[in-house]
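A.B. asks: Protein sequences, first through last, are from chains A and B. Just add 702 to wherever you are in the first sequence, counting from 1, and you've got the numbering used here. Just add 1 to wherever you are in the second sequence, counting from 1, and you've got the numbering used here.
Just to be clear, a hint being listed does not mean it is correct.
[Stated by the list, open to error] Covered stretches of chain A, going by a simulated chain B footprint (3 or more residues, C-beta under 8 Å):
hint: 1; stretch: 728-740
hint: 2; stretch: 904-914
hint: 3; stretch: 1015-1025
[What the hints assert, rightly or not] Sample of chain B residues with no beta-carbon within 12 Å of chain A, all distances over it, derived:
hint: 4; residue: Ala13
hint: 5; residue: Asn20
hint: 6; residue: Glu43
hint: 7; residue: Lys47
hint: 8; residue: Phe64
hint: 9; residue: Gly70
hint: 10; residue: Ser72
hint: 11; residue: His130
hint: 12; residue: Asn166
hint: 13; residue: Gly202
hint: 14; residue: Cys268
hint: 15; residue: Pro289
hint: 16; residue: Ile296
hint: 17; residue: Lys323
Note that these hints are calculated values from the structure, not bench results. Where a beta carbon is used, it is the ideal one built from N, C-alpha and C, also for glycine.
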Amino acid sequence: MTKEAKIALYTKMARIRHFEQRCIRIYQQGKIGGFLHLYVGQEAVAAGTISLLGKNDHLITGYRDHGHGLMVGMGMNECMAELTGKVTGCSQGKGGSMHYFAPDKNYWGGHGIVGGQAPLGTGLAYAVKYQGLKGSCLTFMGDGAVNQGAVHEAYNLASLWDLPVIFVVENNGYSMGTSQERSTAHPGCLAKRAEGYNMAWDVINGHDVYEVRAKTALALKRAHEESKPTVLEIFTYRYFGHSMADPDKTYREKEEIKTYRDKKDPVLLFEQELLREKVLTPELSQTINDAAMAEADKAAIFADESPDPTLADITKHIYWEEDNRGPKTTSRGTIIFE
Amino acid sequence: MAVISYREALRAAMRDELNRDKNVVIMGEEVAQFNGAYKVTEGLLKEFGPKRIVDTPISEAGFIGLGIGASMLGIRPVMELMFWSFSYVAFDQIVNNAGNIRYMSGGLINCPIVIRGPANGGTNVGATHSHTPEAILASHPGIKVVCPATPYDAKGLLKAAIRDNDPVYVMENTILYNDKGEVPDEDYIVPIGVADVKRVGTDLTIVAHGRAVITSLKAAEILEKDHGVSVEVVDLRSIRPLDEETILKSVRKTHRALLVEENKPFCGVDAQVAYLIQSKAFDELDAPVHRVSSIDAPQIYCKRMEDLQMPSVERVVAEALKVLA
Chain A
703 MTKEAKIALY TKMARIRHFE QRCIRIYQQG KIGGFLHLYV GQEAVAAGTI
753 SLLGKNDHLI TGYRDHGHGL MVGMGMNECM AELTGKVTGC SQGKGGSMHY
803 FAPDKNYWGG HGIVGGQAPL GTGLAYAVKY QGLKGSCLTF MGDGAVNQGA
853 VHEAYNLASL WDLPVIFVVE NNGYSMGTSQ ERSTAHPGCL AKRAEGYNMA
903 WDVINGHDVY EVRAKTALAL KRAHEESKPT VLEIFTYRYF GHSMADPDKT
953 YREKEEIKTY RDKKDPVLLF EQELLREKVL TPELSQTIND AAMAEADKAA
1003 IFADESPDPT LADITKHIYW EEDNRGPKTT SRGTIIFE
Chain B
2 MAVISYREAL RAAMRDELNR DKNVVIMGEE VAQFNGAYKV TEGLLKEFGP
52 KRIVDTPISE AGFIGLGIGA SMLGIRPVME LMFWSFSYVA FDQIVNNAGN
102 IRYMSGGLIN CPIVIRGPAN GGTNVGATHS HTPEAILASH PGIKVVCPAT
152 PYDAKGLLKA AIRDNDPVYV MENTILYNDK GEVPDEDYIV PIGVADVKRV
202 GTDLTIVAHG RAVITSLKAA EILEKDHGVS VEVVDLRSIR PLDEETILKS
252 VRKTHRALLV EENKPFCGVD AQVAYLIQSK AFDELDAPVH RVSSIDAPQI
302 YCKRMEDLQM PSVERVVAEA LKVLA
């Protein structure tokens, strides 16, 4: 990596951190409804993996989707406005926190049902292969998803048909409030389940963005050159509850969170590494963090001042047909929207 | 114009669209080597090869979800469900993913997928293989549902479905697969959302879809011959979008309506149609709207009883006479 690339990567991680922390304040002000699943603590996973993607590489994830969105280049404004349900949001206020999308940046969401995106990601990889392109689809999920049937069906199809999909299990230790030990029968690690499907697998320290990149690069090579799938299990940790609705008091000790924050924080560790490498200076780091904070503040104002969708907007974007009436229309019927 | 079977009409639709658009892929259990569990896809593997005609494992949530993901990137998958009853294990994919992705993305993503297969009772296979989920699925905005009753409609609706940019679920009927009818060789589509008056009449409107149309047409013959009643039969063809105007126009002419479907009555398609008629043509009615549907119980296995459970010509005639009384 060049010096510039390293600084850019650090900047992106800092932006995710400050965006998410700004979200907490807006949530506490009562401006964000529904569920808000924060990515704080897991930044190196999205940053390390997504920073490697090229033109024909796609990605899809579950509901903890903000970090991935910022990594592909979505703006803080559209992301923040989506959280407050505004028409200027990335999904025009129709998706919310769990449903960010940026297909122009190869980002296919943002999916609310645990593991439900695994077959979709496999299908995106299928489409890439069908079209004869050298690409892939990174299909992210949490450790809680690995017990869902849809994930296993996706694993089987990916391996059976040699699809260039990389299943990235972001293992933060807890599926909501249930620890991995209490949720999952596993011999050693979750990624090893790949062996049952004759798939390659690897485990990664998700607190070290260099390691995330190095091992993901091998999986991408396998996808691009052999059209073969991989399961990557990336060990990471979230500092906040499953969502903001989770008081986080019943299933883990405060001391555990503190240990991760103090000793394994991926943003802090990367900053220290770059200071050691003399890529960053304390001043530059300060500038980057100040800028990210200011950007998040501005996004909060933008989200606040943006208008709501209108009543008429409720019935838009349901059918392509309804939004694009014309000579190519094949459907003529009445859609009842009462 | 050739006379071909409903099954051949469906196959002709797929062959046409495979030839027209290289992004069309046929996928499902036993569709390729086995030539289709009900032989709808017979010969397509030989003609188009394994890239276009793809056998899947028994893994509905997996392969339907895969098709949805592929459709988001421009593939036009035509997925066969051996029975629509099997859709229930893929419900999250069919409803949550295919049905919501366009909406939740604010129109950024389209999902041009077709899922097709038989959805019918009457085949002596018990409750788990006899579901008719058109009402369940049509209750979700974002999804289109069509139920062809004739070979002509089967070909035209399936071609329209494959060209459509939204998810279209085509519900066929194994009992109709051998029915024959006139089907043009040249390119045509039956627009989704347009009902068809299958028989013109003046005294009573029967609204039906799927095989219930065939049952109703037979009943209409008897009503005319034995009772001197002129019956109009409206075939919905499409459940969602629903062609309200054709239904209302017919009811405004005959002033009496009987609704026939093979679904169970509770929350059936005809519950919606009955509401439509009373809300928009109440003053036109000379009698209450009546319904004939399957007896409200899981589908019974015993063939003799199953035939009684489902709408029969006799039941339709008897109920029609009540509306006309």
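A.B. asks: Would you mind marking each hint as holding or not holding in the structure?
C.D. replies: Checked hints:
no., hint, result
1, 728-740, "violated (count 0)"
2, 904-914, "violated (count 0)"
3, 1015-1025, "holds (count 7)"
4, Ala13, "holds, 17 Å"
5, Asn20, "holds, 17 Å"
6, Glu43, "holds, 23 Å"
7, Lys47, "holds, 20 Å"
8, Phe64, "violated, 6 Å"
9, Gly70, "violated, 2 Å"
10, Ser72, "violated, 7 Å"
11, His130, "holds, 20 Å"
12, Asn166, "violated, 4 Å"
13, Gly202, "holds, 23 Å"
14, Cys268, "holds, 15 Å"
15, Pro289, "holds, 22 Å"
16, Ile296, "holds, 28 Å"
17, Lys323, "holds, 28 Å"
Hints 1, 2, 8, 9, 10 and 12, counting from the list given before, are not met by this structure.
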